[in-house]
Each structure stands twice: as structure tokens, then as C-alpha cells.
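Listed here are the chains, written in short residue letters.
2 protein chains.
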Amino acid sequence: MSRERLYLFDTTLRDGQQTSGIDFSVDEKIAIADLLERLGVDYVEGGYPGANPTDTAFFAEKRTKKAAFTAFGMTKRAGRSVSNDPGIQGLLEAEADAICFVAKSWDYHVRVALETTNEENLVSIRDSVIAAREAGREPLVDCEHFFDGYKANRDYALACAREAYEAGARWVVLCDTNGGTMPGEVRRIVEDVQSVVPGSYLGIHAHDDTGQAVANSLVAVEAGCRQIQGTLNGIGERCGNANLTSLIPTLMLKAPYSEMLEVGISEEGLRDISAISHAFDELINLSPDVHAPYVGANAFATKAGIHASALLKEPETYEHIPPETVGNRRRVLVSDQAGKSNLLNELTRIGIEVDRKDPRLDGLLTDIKEREAQGYSYEAADASFELLARRRLGEVPVYFDVKSFRVMVERRFNAIGELVTVSEAVVKVDIDGETRMSVAEGNGPVNALDIALRKDLGRYQTAIDGMELIDFKVRILNGGTDAVTRVLIESQDRATHKRWFTIGVSGNIVDASFQALVDSVTYALLKAGA
Amino acid sequence: MSRERLYLFDTTLRDGQQTSGIDFSVDEKIAIADLLERLGVDYVEGGYPGANPTDTAFFAEKRTKKAAFTAFGMTKRAGRSVSNDPGIQGLLEAEADAICFVAKSWDYHVRVALETTNEENLVSIRDSVIAAREAGREPLVDCEHFFDGYKANRDYALACAREAYEAGARWVVLCDTNGGTMPGEVRRIVEDVQSVVPGSYLGIHAHDDTGQAVANSLVAVEAGCRQIQGTLNGIGERCGNANLTSLIPTLMLKAPYSEMLEVGISEEGLRDISAISHAFDELINLSPDVHAPYVGANAFATKAGIHASALLKEPETYEHIPPETVGNRRRVLVSDQAGKSNLLNELTRIGIEVDRKDPRLDGLLTDIKEREAQGYSYEAADASFELLARRRLGEVPVYFDVKSFRVMVERRFNAIGELVTVSEAVVKVDIDGETRMSVAEGNGPVNALDIALRKDLGRYQTAIDGMELIDFKVRILNGGTDAVTRVLIESQDRATHKRWFTIGVSGNIVDASFQALVDSVTYALLKAGA
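So the protein lines, in turn, are chains A and D.
Take the first sequence: its position 121, counting from 1, is numbered 121 in full-length UniProt numbering, and each next residue is one higher.
Take the second sequence: its position 413, counting from 1, is numbered 413 in full-length UniProt numbering, and each next residue is one higher.
Watch out, some of these pointers could steer you wrong.
Given that identical chains are not distinguished, each listed pair holds provided it fits within a single copy or across any two copies.
[Unchecked claim] Below are the DSSO-like pairs computed for lysine-lysine, each with C-alpha atoms no more than 27 Å apart in a straight line: (1) LYS62 - LYS340; (2) LYS369 - LYS473; (3) LYS254 - LYS151; (4) LYS455 - LYS527; (5) LYS428 - LYS369; (6) LYS357 - LYS254; (7) LYS403 - LYS527; (8) LYS473 - LYS65; (9) LYS66 - LYS403; (10) LYS455 - LYS340.
Worth flagging that the hints you see were computed from the coordinates, not collected in a lab.
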């Protein structure tokens, strides 16, 4: 049986921009559009040209090659013609393949928000759709508040949908704008709407206010919709939009969807989805949700010792899909609950072979438990974990010995009367019995320490010349006076782009940072075979 | 029509403990059990007595008054009697009202993980349930891997469920252990199971691996299940368990659930759910998910200027439920996209009345936009926002003027040869034309600066004596050399327990912290009417 085509419409750059704390620049929008192209969605909604300078600039040229580049805007204002409506003219001037008009479909909002009549609103829908078609753009209509509108006045909500369809809209999108509709209602209403618009012209736009945006999208598809609107990682106003990074794997890997429908994403695109999800978080500077379905670092992670050993026997019976299909991987967590099975598995993963009966394993387990009790967490600090393990196995030379460090941050007026902040660090290390002192200034105390530490490591200098600190994360583990600070540092080799993560924990943030810096340098030396 | 009773079973302390990075102490378990009692769930599953010292100690006494205190454990081992199975005996000795046995119901796992026969597994289920009943405990059976087991061998999965029911289990819980089952399958399978177990004896235990744990739980209830298992904030292994903080409001506020079912949570419990959710995050030291359904800080937040003004006209048409019913509130975000409506609304909320036409509003909007472009975010820093606004309105006196500060962190060997880290800060301020210098040591640089800054503020000293810094959060906004650090400080008045949040942003972490400290002290002085 041939599968029907399901279209994916991404609105990360438009509805996703409503997320609190998010405000994309033009460059960020370009970078995100590239990610969406890599993924392979059918539509990229880029914003609202004419509404603000960023979106106008973004629509000065077409930003996608494969996906339909889509501009968003309001339908024509009541009481004026399309050619006299600057909003519509701005939309038509945008370099877009498609235009998605948002239209009121709840009679209450027509009256209160638009302050016009039901009939005028239908005219606005019709004229806007026709104007887009005449300008050679594919028209879509987002029926705002459709489900609430349907429950308040079914006939009028259906009239809006029909008007859009009959005027020539390629898609009539049913929006659960307030996000409170239950899956059962979505199914019933989508079925009913098909009395006026065929399912192959219907889209669903769901919000996650009850934690069911994904389920509502799938139920709408089961009921006949053939377009889903959503965002990367489910960002969006309030509780977010339908999460495309959850929906896409389900649509491609799970019955009945995979059997009845075809999407425009390739298997390569699917394998890239974890990387795309993380790259997007990096762009918007959010910590990735480790518990995210399919793409989260813990989506295929097992902690319990008892499960872990069974899992290693026959992993596929403990995993709902093979992690590799979505570019993720199985993780058996090294944790306070860790048994030897977990530990052995992690050691194998980083290339350390130890016999199960080796007594040093017990010592290592004790080390890990003690350090986790202090606040260390090796789940995200592979390099520090490897150092800890190899130290127990006697495989890490003492390259250098830090005798002391000192860092000073001073805010004062400089000679010409400007207020400046200066950070200066001094590090004293012993190498091969010889003491070396280095001093450096930096943007902040950690930067100064990093530069001073790596300034003169004698015969090891060449082995660390190519490394750089690329990210730095701080987490306060307890509040108040007992606060313990955990610092995670990401480093990279400039030549190979290989990255590694190290950790430090202390009541003192500078101390914690310095520990992570020392681990990072030591790891680089170890890998360089120094 | 009388509504049927639906039971809520919380497994935060047992399955929630499988979350990576979470490992509850006995004290934490006690505090969380208290939260669950406040909420009003029917069952509190506390852990696995006998499996580890923490859980054994936790079950040394009964920890709940209203909820059934439930111990979790495996069914009897094959080939030995109940009285010869130390695991079962440990369970029976626990001070519990109920025992929840986990039983295999997938024949594959019976063979591979238990290494026994299908018939022996049924015997284990039966004997375990009977032993619990005879010991005066209410027996429950979690059918592990039920949905995958059903799809592999329907007859055997049903035989396990039937065996548990016929042996006298109060609940037979269908577990989607791997979390990959779709709502449509859940519905079909739950309906079929009722050929052997009545719905009023069936529970559902869903995981969120496809983002549908909430939807799967609801669909199971529609199909007849009368118990839902879940966790606070949806914590749990991999992608987490069904989120009770999302499910409870939906069950109580949304048709058809609210019409057909009754839960044991009161309206007061429901109004407490946002506070309970946040208190739980605080206990486990996680940042609350601001986008969480119902309870997230942004669950009822609006950003767009255009929406905001309509929202203020008739809020209920933009909100799927009244935020107060779940103890949350409407938020109109001050943000880069802010229009005057948003800003006025926020000013009113913090008690500042300004005329819409006041030209200082435009200046304030510009201030906010400029600062947000630098990395400030006032959404979580009310006190800094209030200071910014009142400064524009000329209402904040210059209490003190910081001329300079200096902080030093040194790690070295002390006189008796111990490696110590010392943090020392010097702060120089002008007050009423007089210069004061203070010096202090602290646990870390920020602590030292905090103490030094508040050590001698002259005539203002009494107004700040009661304040203390209680939390400190650090976020790095860009990676690499352009890194900007945002520091958020939470302060409190020891007497009134009133808390306030201030923010600082700088390329230098110490600088950013100092800004937030100065705002915090200034805010305290302003509120004290100094």
C-alpha cells in the first residue's frame, strides 16, 4: 500500500520566538534555517516581515533551498482593501515561497480583538488568500483559537476554515492556540472539519499546556490532517509548541504512522536529529534537556545495576527503538548506584579493558562513590572520569605538580579615570623538580588562571599548544553557606576539533574551576602520549 | 451521575530515584513524602526495603498518615518458598501498608532475565500476592514490560495479569516499561485486558520516551484503568515517568475526566500544586522547568505586545484554565519585544503607578532593551527590575558609591603544611562624602565580597543587618572568549523571610556577582525606607 505524504511545517523562527528569553538575531535565524534544512522539514516559517526590523531583514532574501520559505502575517484589516493594507503589502514584498496568514476563527475574538463583524473577517480571509496566490505565493491560513472557537460557535469556525479552503489556501491549519484541548476533542473536531475541508488540506498546530502537544498532533494526523506544525525542541510561548524532535522519530519509526505515512525526512536526517537538537540548544544557549524523548543524553540511559546487567545481555528488549537510528547512544550510567557491570561497560566504552575480578575495580568504585557524595558527577565529564580510572590503574604520570596559585580581581579607576576590572593570576608549578611561576591577565579569574597555567609547562608545552577552553558551566549544588560549586569545562583541540569535558567541585568557585582546568591539561597531555 | 474514583499512585521515591543524578537520602525521602501528603495522593511508594540501607532505614517506620505507604520489591524467586526468600521477608518486615511487587509479564524476560519457566513465574506472582495479604498488606502487582509482552505473547501477558488478580492483588498495574507504546495501542490493549481483570483493578504506569506518558495515562483511564502511577515533575529513568503535576490538574479541571472521575486531591491540594512542584525541585536541587504545564513560571506567560493588550481585555479567552486554580499566576513578560502594555502591567504588579503617557516610560523601555541586549534578563530578577524602574522615575537615592573593590583567591600551603584556599575581599565605598574601607575573608570570592560590602555601611548598617544571601546562580551566555556571565542572587530578610532576586552581567564573573550584590543591598535599603 502506498503511503500518504505528511508535511512538516517548522515554526521555530516565528512561534518559537515567543518563548520567554528568546530573541533571535538575523544571523541566528540564518543558522537555525540551515539546521532545519539539514533536518529536511517541508516548510520553514521565518517570522513576520514588516513587524520588526529583524524579520524584515531576514526576508530580504530567500533563506532556504529545499524547504518552502514561509512568511507569517495577519489577514487583511477589515474595512480596507488588500492594496491599501501596509501589513499585507509588506508580506507580499517579502522573499518568500509561501505566506501563512493568521486568521481569527473564534467569533468572540473577531468581535473583541479585531472589533469587526463575522462577515468582514471572512472577507479578510478570502481576499488575503487570493492576494497571496496572485503574487505567486503558496497561501496557508492558521485558524487561530480554532478548537475553542469551534466549541463556542461550530458553524462560524467551520465557515472560516471553508472560506480559506475555497479561496485557494493550500493548507488550513487548525490551531489550539491556548493549548488546553484534549486528544479526544482534537480527534472529534478534526473529523468534523472534514465535512468542509479535505484532510489533505488540513494542518494541526498544537501547544503543550497540558503536556499533550505531541499526542494532539498525532491524533489529528490519525483523524486526517496531513500537515503538522511544530518547533525544534518544542520551544514556544508558555509551555511550548509541539516538539518536532519528538514527533519526527515517532512518525518515522512507530506504527501506525510509519506504515500509513511518508515524511520528507531521510534516514540520514533522522540520524542527524540528536545532533541538530543539541546544536539548536547551543545556538540559543540553553542546556539541552537530558531527558528529552529520543534526543536527550539520558533517553537511552540506564542507572540501576540490576537492569544494567540484563540490558547488556539483550539491549533491544530494554529499548523502544535502536538509539543509533536517531543518532543517540546507549548509556549505562556511572553513578552512586553503580554496580560493577555499569562500571565495566563505561570503561570499555572509553577503551579501558580490565578484568572483572581485578581488585582495583573495587577501589575505583569506592573513589567514584566518595567523589559523587562530594558533588562530582562523571556522567557529563568523560575526561575526568577517564583520568580517575587510569589513575587507579596507575596509568597517569604526574606531569606537573601545582604548588600554589593566586588570582586577583580588582575593580578600580585607571590612570585616565575609567572604571576598569582587571583579573590577574599567578600559578606556581613543579616540573621535573624545577619550579616555574607564570603570571597572566584575563577577562575574568578563570580565564586568567587558564592562561597562566598553560603559559609555561616546560617540555610539555608543545603538547598543549593546540588546546583551548571553549565552554564553562557553573552549578551551585546547595544554597546558602554550605554552597558547593560544580564547574564543568569543555576543551577542544584546535586542529582535530576533538572535545573533552572535565569537572571540579569545591566550596570555592575559583578552586573548582582550577581543578577542572588541571584535569583538562592533564587529559590533553595523556592523549598526546606526553 | 456519580463519578468513579480514580486512584493516584506516586512513585517519585522509587522509580523517580532511577533518574540520573538523583539519589535520595532518608531525610530527603521524608521531606518528599511530606510534600506528597500535602498534595494528597493515594499511594506513596517509598522504595525497595532490603535492597539498600537508605530504603531499609526509610521503611523502619511508617512515613505517611493519609496515603498508603507502599514498599516495592520483586516477586518471590523461582524454586524457593516465600519463607525462604530473604527479599520477600525483607518486604514483609517493612512498616508498609501496601506492597507493590514487580513481576515479569513478557515471556522473553521470564526466560532470559529470570531464567525460569512461564509456569514458575505465575507461581511466584501468586505466592507473593498471597504472602502480602496474609501479612496484612495490600498487594499490588506491577506487570513489567506488559505492553511489549502483550505484543510478543498476548496469552502469557494476560495470564500474568489474571494470576495477580485471582491471587487477590488489589491492583494489577500495566507497565510500559520501555516507554515506546503509542496511545492507540494502550487503548486497545487496556480494553482487551478487561477480559481477565476488571478496570477497577487496573493501573497504568507510563514512561515518556515518545513524549506521551501523560496522554498514555489518560487514554488508559478512558479505556477503563482506575489507577495512575506517576512522579512529581515527571522525574524518572531515561525520559521520565508520567508527570503527576501535569496529570492532576487535567484530571480535575478538564472534561471528560473531571466529569466521569473523582480523585483524592482537594481543591486546596490543587491550588498547592505549583508550590509543591517548586519545593520538590528545590529539594532535589534542580532548576524548575519554567515551561512545565500548569506549574511552570511561564505556563501562563505572554510575551507578544499584540497578545498582551488583548489578554488584558479578557484574560480568560487566552488561558485554558484560570492560573489561580493551580496556584500559578498570569505573567506579562518584560522583554525585548515588550510594548508599553506589558511594561505598565509589570509596573502595576510591583506597585508602581505611572501614567501611560509619561515620557519616562519610553526611557525605561529603552533601558530595558539595551540591558537585555547585553544579557540582562529581568524576568527572574524582580528586585533589579524594580530598581531600574524606580531609578528612571527618580525614586532611588544614592545610598553609597563603590569606589573600588579587590578580591583575591589563593591556594597555598599554610604554616602547618596543609593545602588551603583563602578568599579575601576589600571594598571601598563613599557614604555621605566619607570613604570607608572594609576587608573580609569568605568561603569563596563572592562570599568574601558580600561580607566586605555589608560590613560597614555607616548609618545604613541597621537596615541591612537582617539580610542574607541564600542562593547564587551562574549562567554563561556565550561560550569561548566572548563569554558573558549572568549571575542571579537570591537574598532574604531573616526576620520576615521575604526574598528578592537581583542580577548582574559582565564578562567577568566576579564583576557580575558584585553588581548583583550591590543591587541586593540597595533594594534592601529602599524597602527599609532608608
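For this session: Can you give me the call for LYS66 and LYS403, within, between, both or neither, at a CA distance of at most 27 Å?
Result: Cα proximity of LYS66 and LYS403: none, with 58 Å in one copy and 58 Å across.
Problem set entry | Within, between, both or neither: LYS62, LYS340 at alpha-carbon 27 Å | neither (55 Å within a copy, 33 Å between copies)
Exercise. Within a copy, between copies, both or neither: where do LYS254 and LYS151 come within 27 Å Cα-Cα?
Worked result: between (32 Å within a copy, 14 Å between copies)
Problem set entry | Within, between, both or neither, where LYS455 and LYS340 count as close if Cα-Cα is 27 Å or less | The answer is neither: 40 Å in one copy and 52 Å across copies each exceed 27 Å.
For this session: Tell me, please, which holds for LYS357 and LYS254 at an alpha-carbon limit of 27 Å: within, between, both or neither?
Result: Neither: 42 Å inside a copy, 57 Å across copies.
Exercise. Can you tell me if LYS428 and LYS369 fall within 27 Å by alpha carbon in one copy, between copies, both or neither?
Worked result: Classified as neither: same-chain Cα gap 31 Å, cross-chain 44 Å, threshold 27 Å.
Exercise. With identical chains treated as interchangeable, where does the CA-CA distance between LYS455 and LYS527 reach 27 Å or less: within a copy, between copies, both, or neither?
Worked result: within (19 Å within a copy, 49 Å between copies)
Exercise. When no copy is specified for LYS369 and LYS473, does a C-alpha distance of 27 Å or less occur within a copy, between copies, both, or neither?
Worked result: both (23 Å within a copy, 26 Å between copies)
Problem set entry | Alpha-carbon proximity between LYS403 and LYS527, which holds within one copy, between copies, both or neither at 27 Å | Close inside one copy (24 Å), not across copies (47 Å); limit 27 Å.
For this session: Evaluate LYS473 and LYS65 at a C-alpha cut-off of 27 Å and name the case that applies: within, between, both or neither.
Result: neither (36 Å within a copy, 42 Å between copies)
The structure shown violates the earlier hints numbered 1, 5, 6, 8, 9, 10.
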